[in-house]
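> Residue-level listing of the chains:
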Amino acid sequence: MNSSSEVQNQKLTSQLDLDLDFEFDQPSGKLRLRDLLDISPTLTEASGAIIDDSFTRCFKSNPPETWNWNVYLFPLWCLGVVIRYCFLFPARVLILTIGWIIFLSSYIPVHFLLKGHDKLRKKFERYLVELICSFFVASWTGVVKYHGPRPSRRPKQVFVANHTSMIDFIILEQMTAFAVIMQKHPGWVGLLQSTILESVGCIWFNRTEVKDREILTKKLRDHVQGAENNPLLIFPEGTCVNNNYTVMFKKGGAFELDCTVCPIAIKYNKIFVDAFWNSRKQSFTKHLLRLMTSWAVVCDVWYLEPQNIKPGETAIEFAERVRDIISVRAGLKKVPWDGLLKYSRPSPKHRELKQQSFSESMLRRLEEK
Amino acid sequence: MGNTSSMLTQYDIEEVQEHCNHTFSQQEIVSLYQRFCQLDRNGGGFISAEEFLSVPEFAVNPLSQRLLRMLDGLNFKEFVAFLSAFSPRATLQQKVEFIFKVYDSDGNGKVTFSDMLEVLRDLSGQFISEQQREQVLTHVLEEAGYTKNSLLGLSDFMKILGNNGLKMEVEVPVD
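Chains B and W are the protein sequences, given in the same order. 325 is the number that full-length UniProt numbering gives to position 325 of the first sequence; each next residue is one higher, with no gaps. 124 is the number that full-length UniProt numbering gives to position 124 of the second sequence; each next residue is one higher, with no gaps.
A couple of the hints might just be wrong.
Here are the computed lysine to any residue pairs in the SDA-like style, where the Cα-Cα straight-line distance is at most 25 Å [what the hints assert, rightly or not]:
#: 1; chain 1: W; residue 1: Lys159; chain 2: B; residue 2: Glu368
#: 2; chain 1: B; residue 1: Lys60; chain 2: B; residue 2: Ser344
#: 3; chain 1: B; residue 1: Lys251; chain 2: B; residue 2: Lys270
#: 4; chain 1: B; residue 1: Lys334; chain 2: W; residue 2: Lys77
#: 5; chain 1: W; residue 1: Lys77; chain 2: B; residue 2: Ser344
#: 6; chain 1: B; residue 1: Lys267; chain 2: B; residue 2: Asp53
#: 7; chain 1: B; residue 1: Lys60; chain 2: W; residue 2: Glu50
#: 8; chain 1: B; residue 1: Lys281; chain 2: W; residue 2: Asp40
#: 9; chain 1: B; residue 1: Lys270; chain 2: B; residue 2: Lys349
#: 10; chain 1: B; residue 1: Lys349; chain 2: W; residue 2: Lys77
#: 11; chain 1: B; residue 1: Lys218; chain 2: B; residue 2: Ser199
#: 12; chain 1: B; residue 1: Lys342; chain 2: W; residue 2: Pro173
#: 13; chain 1: B; residue 1: Lys286; chain 2: B; residue 2: Leu96
Some residues of chain B that are not near chain W, with every Cβ distance over 12 Å (derived) [unchecked claim]:
#: 14; residue: Leu31
#: 15; residue: Gly116
#: 16; residue: Lys218
#: 17; residue: Thr314
#: 18; residue: Trp337
#: 19; residue: Ser344
#: 20; residue: Pro346
#: 21; residue: Leu353
#: 22; residue: Leu363
Read the hints as simulated data drawn from the structure, not as lab findings. All residues carry an ideal CB built from backbone N, CA and C; glycine is no exception.
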């Protein structure tokens, strides 16, 4: 098990090398002083990374093009601002408040009164969660087009989707009550997570705890086996990306569970608002407020054909294949980086691969006459 | 929110262009400024080592530590001057000078055997033994007419590297 995953990692990191878009001029001929002193390829690669790199591009939120630049359009834009902030926003807050009142006044009784009748209670709670999500979506005037067969409740299946913002979850949840794996957040979001989302069967993890992984995998496996549980939704990128690119899917979790993987592709139309949640730049509350003061959130959701791991395919290859399917459908470019590099440095493996290839080339040329 | 904290004025652009000897066009300087602000996340006016290392493509580069020493604390003008060696408009002289500066870590204008050994160590890592590195370096130095104790200057580097031209160019993306 260990050696094959090592080989897999090797293969993947050489893929990384190739994807880095830079071709080493394969030098040949006897080794001379010039060859040792000429570090220009390595320097060029480093400067290329300083000037522009594919990883940072994944998290760049492009400011929208201003169209209010002349004397006719400016008043129109001002009118738009007034309508958005003074009419739409209060109306939306009202809708959301009504939604919460309805939700809480139904959820709390159902949760406590139907304690004994679990099946019925779960059914109601599921419906109520879908309802409050619909209210949320309405509060940003979400125009969502769903394509493909709706997810069904069957055991041994897992849903995966690309990740742009926490609203991905809400948009999908309004159609089907999924159970989801989430990072525990602080603040009011955390409160929601620990109360309401518990009922649909969410699973928590902590990004920083590595030991967590085994416990997590077991929890996932158990969940997927149960026919009564809500279908599981996982965002294998592990972080929010700006909806122009996809970062590498984590093989652990969705792709090692020995079950069918159903890909979901989500593409936001940036015409009214950019739905990318740049968690480094703003809190979720600010992000929601921004959405609620724009005209609409427009997106497409495609439920794609379920995939099974092919014989002889490793979990990493399976994950990449599914990422390919999603990226093609949503028109996203693939990038060979792990999303968690946002929070940590790359492993020394990558650098060592470069050092190894340099050393081999040098020693080979030493032998030449 | 936008990603530039302040806009460059025409004066600023021209000043930077002067400083880098016109190796970059004005549009390229504007792009580089956007990039600088994007990397300088805390807005301190210079990019810290942490901020550079947050670019994974840079962090995996074997020479990243050496380059970080040269990049430390540079403001935007100096940043552009640093990158000027990689512009297609840069002369061969400028490129060789840059490589020389990477080797000459103490900045005394002379590159020693140990300087060259250090760079070789960064590039080859654990895959070649220290002894073998010294051997190979000594061998090629002697073949080129130098010895282990020779101190190489910029003119030596020009002689060694300047013959076949140097491929060291990066394109600055311009919107």
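> Would you check whether the claim that Leu353 of chain B is not at the interface survives, using Cβ distances to chain W and the 12 Å cut-off?
9 Å, violated
> For a C-alpha distance cap of 25 Å, please report whether Lys218 of chain B and Ser199 of chain B respect it.
19 Å, holds
> Compare the distance between the alpha carbons of Lys267 of chain B and Asp53 of chain B with 25 Å, and conclude whether the hinted pair is satisfied.
23 Å, holds
> Between Lys334 of chain B and Lys77 of chain W, does the CA-CA distance stay at or below 25 Å?
It is violated: about 34 Å lies between the C-alpha atoms, which goes past 25 Å.
> Over 12 Å from every CB of chain W: does Leu31 of chain B meet that, or does the non-interface label fail?
Non-interface label fails for Leu31 of chain B: nearest chain W Cβ at 6 Å, not farther than 12 Å.
> Tell me if the straight-line CA distance from Lys281 of chain B to Asp40 of chain W falls inside 25 Å.
Distance of about 13 Å is within 25 Å: holds.
> CA of Lys286 of chain B to CA of Leu96 of chain B, is that 25 Å or under?
Distance of about 16 Å is within 25 Å: holds.
> Grab the minimum beta-carbon distance between Pro346 of chain B and chain W and tell me whether it stays above 12 Å.
Violated: least Cβ distance 5 Å, not greater than 12 Å.
> Measure nothing beyond the straight line between the CA atoms of Lys251 of chain B and Lys270 of chain B; if it is 25 Å or shorter, mark the hint as holding.
30 Å, violated
> With the threshold set at 25 Å, check whether the alpha-carbon distance from Lys159 of chain W to Glu368 of chain B stays at or below it.
The given pair, whose Cα atoms are some 24 Å apart, holds under the 25 Å limit.
> May I ask you to check that Leu363 of chain B keeps its beta-carbon over 12 Å from the closest beta-carbon of chain W?
Leu363 of chain B is in fact no farther than 12 Å from some Cβ atom of chain W, at 7 Å.
> Within 25 Å, alpha carbon to alpha carbon, are Lys270 of chain B and Lys349 of chain B?
38 Å, violated
Hint violations for this structure: numbers 3, 4, 5, 9, 10, 14, 18, 19, 20, 21, 22, all remaining hints satisfied.
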